[in-house]
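Novice: Here the structure of chain X is known, so what remains is to put chain Z in place on it, guided by the hints.
Sequence order for the protein chains is X and Z.
Residue numbers for the first sequence follow our numbering, beginning at 1 and rising by one.
Residue numbers for the second sequence follow our numbering, beginning at 365 and rising by one.
Hints were generated in silico from the structure; no laboratory data involved.
Any given hint could be a false lead.
Cross-link-like lysine-lysine pairs, in silico, DSBU-like; alpha carbons within 35 Å at most [unchecked claim]: (1) Z:K539 x X:K184; (2) Z:K565 x X:K74; (3) Z:K565 x X:K108; (4) X:K257 x X:K25; (5) X:K74 x Z:K504; (6) X:K8 x Z:K476; (7) X:K104 x X:K25; (8) X:K108 x Z:K558; (9) Z:K565 x X:K177; (10) X:K15 x X:K25; (11) Z:K539 x X:K178; (12) X:K104 x Z:K410; (13) X:K104 x Z:K558; (14) X:K182 x X:K108; (15) X:K74 x Z:K371.
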Amino acid sequence: MAEITLDKVVKRYGKLEVVHGIDLKIAHNEFVVLVGPSGCGKSTTLRMIAGLEDISDGAIRIGGDVVNDLPPRKRNISMVFQNYALYPHMSVRENLGFGLKIAKQDPKMIEERVAEAAETLGLDALLDRTPAELSGGQRQRVAMGRAIVRHPEAFLFDEPLSNLDAKLRVQMRTEIKKLHQKVKTTVVYVTHDQVEAMTLADRIVIMRDGNIEQVGTPMEVFDHPLNTFVASFIGSPPMNLLPATVRGGAVHFTDGKSLPVPSRLAGKVRDGQEVTFGLRPDDLTPQGHGIAEGGERAQMELEVILSEPLGTETILYTTIAGQEAQGKMYGPRPVSPGERLVFDVALEKAHLFDAATGRSVAAD
Amino acid sequence: MRTPFRKTAGKVALWILTFVLMVIMCVPGLWVVLTAFRPNAEVLAKPPVWIPEDPGLTNFAKIFGFAADQVAIPVPSYFANSLIIALTSTAIALLIGMSGGYAFARYRFRFKNGIFLGLMLSRTVPGIALSLPVFIIWSKLGLIDTKPGLIIVYVALNVPFTIWLIDGFFRQIPKEMSEAAQVDGCTRWQAFWKIEFPLAKSGIASAGIFAFLTSWNEYALASNLTRSTDSKTLPVGLMDFTAQFTIDWAGMSAMAVIIIIPALILTFLVQKHLIAGLTFGGVKG
Chain X
1 MAEITLDKVV KRYGKLEVVH GIDLKIAHNE FVVLVGPSGC GKSTTLRMIA GLEDISDGAI
61 RIGGDVVNDL PPRKRNISMV FQNYALYPHM SVRENLGFGL KIAKQDPKMI EERVAEAAET
121 LGLDALLDRT PAELSGGQRQ RVAMGRAIVR HPEAFLFDEP LSNLDAKLRV QMRTEIKKLH
181 QKVKTTVVYV THDQVEAMTL ADRIVIMRDG NIEQVGTPME VFDHPLNTFV ASFIGSPPMN
241 LLPATVRGGA VHFTDGKSLP VPSRLAGKVR DGQEVTFGLR PDDLTPQGHG IAEGGERAQM
301 ELEVILSEPL GTETILYTTI AGQEAQGKMY GPRPVSPGER LVFDVALEKA HLFDAATGRS
361 VAAD
Chain Z
365 MRTPFRKTAG KVALWILTFV LMVIMCVPGL WVVLTAFRPN AEVLAKPPVW IPEDPGLTNF
425 AKIFGFAADQ VAIPVPSYFA NSLIIALTST AIALLIGMSG GYAFARYRFR FKNGIFLGLM
485 LSRTVPGIAL SLPVFIIWSK LGLIDTKPGL IIVYVALNVP FTIWLIDGFF RQIPKEMSEA
545 AQVDGCTRWQ AFWKIEFPLA KSGIASAGIF AFLTSWNEYA LASNLTRSTD SKTLPVGLMD
605 FTAQFTIDWA GMSAMAVIII IPALILTFLV QKHLIAGLTF GGVKG
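So that you can see chain X by itself, here it is in the shape it has in the complex (with noise of 0.2 Å):
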């Protein structure tokens, strides 16, 4: 069983704290995604999971044991690391091997398994190539290899996709979901695309400047945010959020344009509050181009300035209380510039932030 727990896990360089405390606990062959803007200490985290940084403070156990001070090689984890880390001097079959080769396996359990890695990844045509004769997705391949090789307790990724051009991205995506439905094994997963985090994610972690923001499987980060920053992280185009007031059951904009509560909300907000408006694009249509028709309603009638058709839906960007904000037509028709539309706003999925802590007020 292999379990990560942490605990209160600080990280200190000298006196500035750049992870300050996280809990978090990853169960067994859970994928979890670590995912924030750079600079959040998702990839410092990582790293003190494998050991690669000094713990601060708090503990890290894998499988129930605390880790703290145990150098990588012992902790029983392999990593992928964003520029693959290959040996250059060595060939792939010699890449593959290596890990067991220092743990002086019997030769032939080590071919065995090397074969096994690259039947699983498709490498095996490439076994005696260096490095150098990788493509950028070979060599990812290869480097996914050296990790499951040795069959660890859990595999850590370090935006293992951001040195691939955007369609290999798509693809190695998909082979690394698929490996780990084949290879069950718990995963923790660093990166800053939330689409990555989203797709690949059966736990999504939002950190920011060090903290966790927020965990939960990819849905409810996606339905229920509990800020304005995992609101606007998640999901693309972003969430609308638009500064407001609430007064007599109805949320009142900055230009005088104002909506219902949500009544699932009506009983979390009180008079005279100051609030974020928040909307995903999806529940900004224009009437009769809609995804689900039905449900709690209201209607506003905005004009369109821009329109960025997609194909199966177009994006279209209007201004509500002087902010810019984003909807969608699904079935689009043409629409051009300065035309006024009437839009459904899906109240039963819009969120309401207190404007001083941005905390949702569902989560009060």
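Specialist: Same frame as chain X, but now just chain Z:
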């Protein structure tokens, strides 16, 4: 448009220029080699004799003491001294250079930049400027005319350069290499020897050659700090051919050839390492 003729003419001119420059550079060396194989009388002949009329190994026999008419110069001792001093000082300089270079490339520590700058600045001081203080200190310590005395001086002379060169090579190796090796099961020490050292080998070999050649060819300090066959090196030994009124040019040339040969052999042996273009491909870049 350049015509084919002008193109060819330009090429020819370039070759002639190259030839002239090469002649200017090579003739003194060639003259030394030719002189090593001719009798002393021919050296001073006017007009000069280019190709030795009766080439032979007499000069070599003489300096090794096989000829009757000349006092032997203790070339074997000088040779041994040179070899011991150059090899030992190179080995020590490489050891320090490797540890130092690795430390500068990988670790952060107090005054790192200051120390590095200090090392580099020490290279700006010509060694000969230090010869008097070194002489005084060495004579007090009893290191004059000893091999260790010269070895210490050469290590000091070579260390800044080897650290600088090796640091550059380790810097090129991403630190993720050693981290990957550590995750793969290596100790830090194993990660160094199995991954980082092989990748920096060409740099370390280059540093070694430079250090060896510096020690092997050094004259100024050696001439101050050595006295006898206990420690005299080959370049200093060359001066044995100058007497009060005569200079044995032929003998001196023969010995010069002896000095050049090991350096040449060594350079050829390790030259493939000098081509530092080790195929990096382990990382994106």
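Novice: Kindly indicate which numbered hints from before are broken by the structure, ordering the numbers from low to high.
Specialist: Checked against the structure, the hints that fail are numbers 4, 5, 9, 12, 15, while the rest are satisfied.
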